[in-house]
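K.L.:
Take a look at the letters that make up each chain.
2 protein chains.
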Amino acid sequence: MRDHELPEVRRLPLFRNMLAENFESLMRASYAQTFPAQLEMVRQGDPADLLHIVVEGAVELFSEWNGHQSTMAVVRPVGSFILAACIKDQPYLMSARTMARTRIILVPASDIRSVFRRDMEFAVSCMNELAGCYRAVVRHAKALKLRNSHERIAAYLYRQSRYAGDVATFTLTVEKRLLASYLGMTAENLSRALKALEADGVKVDGSRVIITDREKLKAIARPDYLIDGPDWDGSTSGVALPFPRNEEG
Amino acid sequence: MRDHELPEVRRLPLFRNMLAENFESLMRASYAQTFPAQLEMVRQGDPADLLHIVVEGAVELFSEWNGHQSTMAVVRPVGSFILAACIKDQPYLMSARTMARTRIILVPASDIRSVFRRDMEFAVSCMNELAGCYRAVVRHAKALKLRNSHERIAAYLYRQSRYAGDVATFTLTVEKRLLASYLGMTAENLSRALKALEADGVKVDGSRVIITDREKLKAIARPDYLIDGPDWDGSTSGVALPFPRNEEG
DNA sequence: CTCTCAGTTTGATATTTATCAATTCAAATT
DNA sequence: AATTTGAATTGATAAATATCAAACTGAGAG
Chain A
1 MRDHELPEVR RLPLFRNMLA ENFESLMRAS YAQTFPAQLE MVRQGDPADL
51 LHIVVEGAVE LFSEWNGHQS TMAVVRPVGS FILAACIKDQ PYLMSARTMA
101 RTRIILVPAS DIRSVFRRDM EFAVSCMNEL AGCYRAVVRH AKALKLRNSH
151 ERIAAYLYRQ SRYAGDVATF TLTVEKRLLA SYLGMTAENL SRALKALEAD
201 GVKVDGSRVI ITDREKLKAI ARPDYLIDGP DWDGSTSGVA LPFPRNEEG
Chain B
1 MRDHELPEVR RLPLFRNMLA ENFESLMRAS YAQTFPAQLE MVRQGDPADL
51 LHIVVEGAVE LFSEWNGHQS TMAVVRPVGS FILAACIKDQ PYLMSARTMA
101 RTRIILVPAS DIRSVFRRDM EFAVSCMNEL AGCYRAVVRH AKALKLRNSH
151 ERIAAYLYRQ SRYAGDVATF TLTVEKRLLA SYLGMTAENL SRALKALEAD
201 GVKVDGSRVI ITDREKLKAI ARPDYLIDGP DWDGSTSGVA LPFPRNEEG
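Protein sequence lines, in the order shown, are assigned to chains A and B.
Residues in the first sequence are numbered consecutively from 1, following my numbering.
Residues in the second sequence are numbered consecutively from 1, following my numbering.
Any given hint could turn out to be false.
Claimed, not checked - Not the full set, but computed from the structure, chain A residues with beta-carbon under 8 Å of chain B:
1. G45
2. P91
3. V115
4. H140
Please keep in mind that the hints were generated in silico from the structure rather than gathered at the bench.
Every value quoted in this text rests on a predicted model; they were computed, and no experiment measured them.
For glycine and all other residues, C-beta sits at the position ideal for the given N, C-alpha and C.
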């Protein structure tokens, strides 16, 4: 593992409150690995041996059934996945593949489980992380069940704009087909819906998004604190698409 | 609180491993209350002051947006909800209403938080509960995104039959409109789909379900361990519809 | 026993969403 | 600059799902 990586991992909400001694012991049991792009590193159904921490690159979490795939989340540095399976010692429910060349730290699940039993702060951090993940998926499920595709897209774009600092212009952080899959629709549907939304205050040109009428977009999106968040205390990783960067900063 | 209730609550996976002393202290801070049927006890967005434990009756967890509602889960005795909001000290993401006259034990969230900090076994139980809830919602989201309505229904019926002990006949545990909402479709769609499924090995008459051709139904449902579970260690409450009772037992 | 009422089913229709095929586009490579 | 390749878009169509209204049903109330 590289020198600069350890402090970064230590800064993760999951690890920042635990005793230094326990953190070090966890990290001694861990190892880092770099994967090329488009590699399926974890297959759904695999035993949950290792907690994964993304240090560089990006990872898509997706699930598969009957030949279809669906994107469930994207994890970027420095985020972790998938804690729940490690804690329960159960198989992964989702697969993971790199979206680019990606560096991962792998922490043995058994060490996770033994360390949180002797470090209350770590246990509390795990709980917060899990509770955050749970709430994020509940939000995702709510969006899928309560909104139609136009509304989901509008809400997504509105939220991205908000989180980038209420900017009028930003860039999509992921490919459209991945976004479509995350939002629970086909790429064709997303494409057509984006065009239709031009009448509702948002113009998308390639990966560039321009909000022409914030209020109109908001009227379609009807953003809701209990669906679109944030619970945002920075502790929740691996459960939603990443925020866009403010283009001015 | 009634005499027989305490041991029942104590038997919950969430509470069964903690120190007796801490359990008693938690329970001293708690109180029980009986609600009539069809009462909205928790409204989404409310501050999470209290962990709820269902002792008698049944509770529907649902969410609401823009005038639409969607059932997210049903909690039966002795199950708890909603731990995640209490742990994070964040507002509830879902509303809760009684489906029948229901008795609930209410545990102050602040006591939950302070007790798990001094009782590692309780902390571990909370973690297991949360991880289980997380995985259950991930499964729900996977089903919604990967299966169409016929497949979701078929999988639901197949699973209910399995959990009742591979019986050919069982009774639906919830109203059809609630089931429809849980499965992410309209009641009309459910009704028509059930009729269509008669060609695929299952007959539904009122609330009675008769599986006429298990293999045919299975072929439609394509049950999948990573969607339909179980993770079943009994520790997960409040995250899925209840199992049917085997009619022979 | 009849009445009432909520839940369910059915029918007709509209809307939403998916599918498949054909282009277009844009970035990366030769 | 030309070529290649995967992504994105567009068009035509089909399938899935929702909506609205009406009729039906069965369990509980009077």
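K.L.:
Decide, hint by hint, whether the structure agrees.
P.N.:
Hints, one by one, checked against the model:
1. The beta carbon of G45/A is positioned within 8 Å of a beta carbon in chain B (closest approach about 6 Å), and the interface hint is therefore held.
2. Against a cut-off of 8 Å between C-beta atoms, the interface hint on P91/A holds, since the closest Cβ of chain B lies about 7 Å away.
3. Against a cut-off of 8 Å between C-beta atoms, the interface hint on V115/A is violated, since the closest Cβ of chain B lies about 12 Å away.
4. Contact between H140/A and chain B, as hinted, is supported at the beta carbon level, the nearest pair being about 6 Å apart and thus within 8 Å.
Violation of the numbered hints given earlier is confined to hint 3; every other hint is satisfied by the structure.
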